[in-house]
Amino acid sequence: MEALIVLVALAIGLAALVLGLALRVAAWTWRGFDAGRAHQRAEALLREVLTDAEYAQLGRCGYLEVRSPSRPTRTYRVPRRPGRVAVHEGDVEIEALCVVPVGRLPPGDIVLAHKLMIEGNEQEYLRLANHFRLWPVFWSA
Amino acid sequence: MAILRVLSAAGDTQYEWDVGGIERGDPEALAAVREAERIFSERQARGATAFRVAPGRPAERLETFDPQAEHVVMVPRVAGG
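For the record, the sequence lines run as chains A and B.
Everything in the first sequence is counted per my numbering, starting at 1 for the first residue and increasing by one.
Everything in the second sequence is counted per my numbering, starting at 1 for the first residue and increasing by one.
Be careful, since some hints might not be right.
Stated by the list, open to error - Computed, partial: chain B to chain A, Cβ under 8 angstroms:
#1 D12
#2 F51
#3 E60
#4 P67
#5 A69
#6 V73
#7 V78
Unchecked claim - Some chain B residues flagged as far from chain A (calculated, every beta-carbon gap over 12 angstroms):
#8 V19
#9 R24
#10 H71
Just so you know, these hints were derived from the structure itself, not from any lab.
In this text the structure is predicted, and so the values were computed from the model without any measurement.
Built from N, CA and C at the ideal position, the CB exists for glycine as well.
Working from the sequences, and respecting the hints, build out all of it.
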């Protein structure tokens, strides 16, 4: 009788373990599926907002060059992958900026967020960014 | 059609309305634009910034909701990393 109780308890424990694992695998799969869809949507939006030349540059160079609206010689290189934005004055990289969205965004949306902030709200973007100076420049941020 | 796109972890969420319908006083279009305006204000209050976008033209920041803006993208709050 005792052996039977032990066997039933073991069977219940095993079933609970299998069910827990199955649920975890399902959650991982769903999260992956969801992230994949978010990535696709972000990529489609990026493709829609960028010009052909900008999108091609992003693929070819791994960054998107965004012109400063306030300084004719300044450009920002927004990386395709997570990383710092390089600030160029002419051909010289003068500093790197670290700016991140509060909360998660798919990679394509992060590139777009940088572009929009630089073009439409540059001073606020610079104010919020952490600046990593690379060059003893005469320009101020 | 005009569109408001709000960036989020799930990709962008879209809210559409018919600009012509608003001018004609179409109730469905008016309801849609009111919903878009509500989302705009709510996200802005949470620190998001809105931009009018068009391919080949620099983005333009929108301080207030513009029902005539054809394509608006809202970027969530950003911070120094």
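To see whether the hints hold, each was checked on the structure:
Interface hint status for B/D12: upheld, as the beta-carbon distance to the closest one in chain A is roughly 6 angstroms, under 8 angstroms. Of the supplied interface hints, the one on B/F51 holds, with its beta-carbon coming within about 4 angstroms of a beta-carbon of chain A, less than 8 angstroms. For B/E60, the shortest C-beta to C-beta distance to chain A is roughly 6 angstroms, which falls under 8 angstroms, so the interface hint holds. For B/P67, the interface hint is violated, since its Cβ never comes within 8 angstroms of a Cβ in chain A; the closest pair sits about 19 angstroms apart.
Checking B/A69 against chain A: minimum C-beta separation of about 13 angstroms lies over 8 angstroms; hint violated. Checking B/V73 against chain A: minimum C-beta separation of about 6 angstroms stays under 8 angstroms; hint holds. With 8 angstroms as the threshold, the beta carbon of B/V78 comes within range of chain A, its nearest partner Cβ sitting at about 5 angstroms, so the hint holds. For B/V19, the condition that its CB be more than 12 angstroms from all CB atoms of chain A holds, with the nearest at approximately 19 angstroms.
Non-interface status of B/R24 relative to chain A is upheld: no Cβ of that chain comes within 12 angstroms, the nearest being about 28 angstroms off. A cut-off of 12 angstroms between C-beta atoms contradicts the statement that B/H71 is not in contact with chain A; the least separation is 8 angstroms.
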